[in-house]
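Chain by chain, the residues run as shown.
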Amino acid sequence: MTGTRTQSPSRPETAGPVVGRPVDRLDGTPKTTGAARYSAEYPYPGIAYAALVHATIARGRITGIDTASASAVAGVLTVITHENAPAMKPPPKVSMLNLSSLASGTSVNYLNTDQVHWNGQPVAVVVAETLDAAREAAGLVRVGYEELPATVDFAAEEPNAKPQKSNAIQSGGAKKGDAQAALAAAPVSVDLRFTTPPHHHNAIEPHATTAAWDGDRLTVHEGTQNIPWVRRHLALRFDVPEKAVRVISPYVGGAFGGKTMVWPGTILTVLAARVTGRPVRMMLTREGVYRTVGGRTPSTQRMALGADADGRLTALIHTSVTQVGRVGGGPEQVTSQSRHLYDAANILVQQNQVELDMLSNTVMRAPGESIGTFALESAVDELAAELGLDPIELRMRNEPARNPIDGKRFAHRMLRESYALGAELFGWADRTPRPRSMRDGRWLVGMGVASAYHPSWQLPANVTVRLSADGTVVVRCGFHEMGMGAATAQAQIAADALGVPFEAVRVEYGDSTLPSGPGAGGSAQTASVANSLIAACEKLKRSVLALARKSGDSPLRGQRPRDVEARNGGLYRIGRPEGHDPRKGESYPTILSRAGRSEVEAAVGSDTRLGELTGQLRFMSKFMLDRRRWVKAACGAQFCEVRVDADTGEIRVSRWVGVFDVGRVINAKTASSQLRGGVVMGIGMALSEETLVDPRTGRIMNPGLAEYHVPVHADIPPIDVRYLDDPDPTMPLGLIGVGEVGITGVAGAIANAVHHATGKRVRDLPITLDKLL
Amino acid sequence: MVEVRLRVNGAIESLDVEPRVSLLDALREHLGLTGTKKGCDQGACGACTVLADGERINSCLALAVQYADREITTVEGIATGGRPHPLQTAFIANDGFQCGYCTSGQLCSAIGMLAEHGAGAPSAVTEHLSTTGIELTDAEIRERMSGNLCRCGAYNGIVGAIRDVADTEPVRSEPVRSEPVRSEPVR
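These protein sequence lines map, in sequence, to chains E and B.
With this note's numbering applied, the first sequence covers 39 to 811.
With this note's numbering applied, the second sequence covers 1430 to 1616.
Read the hints as simulated data drawn from the structure, not as lab findings.
None of the values given here were measured: they were computed from a predicted structure.
Built from N, CA and C at the ideal position, the CB exists for glycine as well.
Any given hint could turn out to be false.
To be verified - Non-contacting residues of chain E with respect to chain B, defined by C-beta distances greater than 12 Å in every case (computed): (1) Ala194; (2) Ala241; (3) Val278; (4) Arg474; (5) Pro539; (6) Glu650.
As the list claims (entries may be wrong) - For each label pair, taking beta carbons as the anchor points, the in silico distance ranges come out as: (7) Arg99/E <-> Val1431/B: 43 to 49 Å; (8) Arg1512/B <-> Asn740/E: 41 to 47 Å; (9) Arg1449/B <-> Asp229/E: 55 to 61 Å; (10) Pro1448/B <-> Arg690/E: 21 to 27 Å; (11) Ser145/E <-> Ile1441/B: 51 to 57 Å.
Claimed, not checked - Computed footprint of chain E on chain B, listed as stretches where at least three residues anywhere in the stretch have a Cβ under 8 Å from a Cβ of chain E: (12) 1447-1455; (13) 1461-1469; (14) 1532-1546; (15) 1571-1577.
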């Protein structure tokens, strides 16, 4: 059964470079006809269905499991508990030298222990002939517990927070000068506390796994953001060689960080297939996603700013408290943007953590900056009001020439230009500064701005490119498509790099049999794959030229690579008139067929042990070198208009303009959609999204889309997204990832607009109408 | 087990299912029609929207046995004679999706919604309920499509696609009629 997704363009395109153009997605037809298969949609003869039983206590020990009634349900094949489950290897210890050790969602060896570590931990899995039988039986499993005291109340634990330790990837704190003293001495200052609640990703596709063993060989269909991690982690846990595991993930039905780690459902589906000897499918219930997949940590933040009378910042203090689970999760870089956005003379940032008996927190779209910009950008607005300054003017007075905290250079920074364009498009000049001064009938109208900021990353990627004698190109890389238009962008890049039409390129992705791609995270995938793809195309051109220059019949005889460029479906001498002039060069088919070659292939990176180690070392050294030299990031300016019902407090977002500095854009259509999608998720974060945790039991109280409110059609106005399209010279093709920057600054802009409309500051997300009454 | 005769996309399918099996699971797990998606299985997300006799329903909240002999149209059946439905084309042109998982439901819902509007049904944002020929403004489209969640946030593109089709196409709302033999879809 093959799942490798192959995409090749079907629409004719005009000639000329295709990078930058608003090309339609390559997977448009499968996604609009229902032909695209997601991980629960692969048919296997004899497939069985699994369902989870979740713990109902936060911490303790299982004293007994009664599976008799469950086992008696017609169609039930087995009920697997810690009493009968085969042994699995425990999750590996986390090590920065082996990033795939981060893959495990938690440190718990599910069903291999009687210990309960969070409310919702899977304590049994039922396997049955039908979905309904599995679910019915799961509801009949009775579990007895010996409960132990548990720490689950984030608010109560906040005073016990401990400073986050720094490592090579993340720093927990930083300082410049004496910010506390500068704040105390500042003639104008604000010192504020903000809170943000836990959030859940709520990809519309719930996590789902289809697993089939053939002896010791395992095939897993899994919607994931990191195929190599899933593969390695499953191989380790089930004690089989990595090459015996195939992970197929051509379509991911939304992820937003939630499909980065390997969560219990994946492992227990594979276990169920192992135990029953049948292919097994398990799609988590929506509630099951909340119980077994981590979300965004809640936060409390102190944000203090001090300024002189002209609005020049003398002090910036940003500290945060977030949570991790005792069984896993990581620090949230809440203060990230506060190190880079404002030229304050004195800066202090520090992230702190509490450890709870809860499921691990995990990455969710712009971890850190999405909630950190809410506090920072709200505080800047409050300071502007104290100073009697326009909030954009205050930002411009403090726009740094170099990175504020350490004086490093910015690789690219066009925040001034973003604000200038945004203000013009939005009509900022029409805003009257006084709160409650703008009104449209019963609606109080408010306008707000905030800065967007997200670091840009690049990860290792292995890519092969194959050119066939018919002039077509195949790009192979096991990257991930969860809505970004990943294959489309890479096809555009390959087409230009090899001088072939867009329609001549086919891209294979989403399968562990392909060269290993980067994880889809940190807005890094496009740049990471592009970097290797461009290098592979260069190698390929050299190989093709080598074939031509040996031939006495070729006009390219004796030419060196630097004298030759790819265009018009072949190699031609640089500086000569464009076109198929046979004296200046020749087409790929001509070169390959003369040489008797059906194809030429070039590879960058290798999936051998040595190749992988080399790749990781190269990545780490480039990463460290880059970090010493540059601060790399996307930034932008978010403008919004809200309308607040003067009587009911109902808040509607009525207009949006976002202008982003994201370097060069590969696909104008899909990049805009991603930025827009970030704004939409930010609107949810600002106005409605909140995971409610029972502080007594640690149990999530609203585990479903009926009680956790993500934005719907009616909540979203037209979102005008612009980008400056100026290449970042330190990034491949000058591109900066666009997946996350769109959500940053959104909640801040809305909070500021709500204040402008109503005169009320809401510093606790979400901004619901009760907080305005 | 009960035998249920379902008419799906112009074909007649007989299947033995338990009475508790939802129409959604019957389509996905029994008929292999996985174009219809499961997002929440509790009527909150709209990913499972299909057309029953031309009206949009959440197939996760419907029992297969209730829909015996009704004309069910899923995303696999909205194209005609090899030609995509205008909304399918418009969704691609307007980039009305990213991950694609809510798309089937958005498409079926949009078809049903345009038919409802065409039949004169008002919505919560319709100003005057007595009006005939309610103008299909963007606000009307957004309100009427709010049962279909898109977490990627492709809402602007979806509204744009529906707008394009509503402005240019006569709306096809009648269900696909089945012949009483199991065969290729008939039109």
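Ascending list of hint numbers which this structure does not respect: Hint check: 2, 10 fail, others pass.
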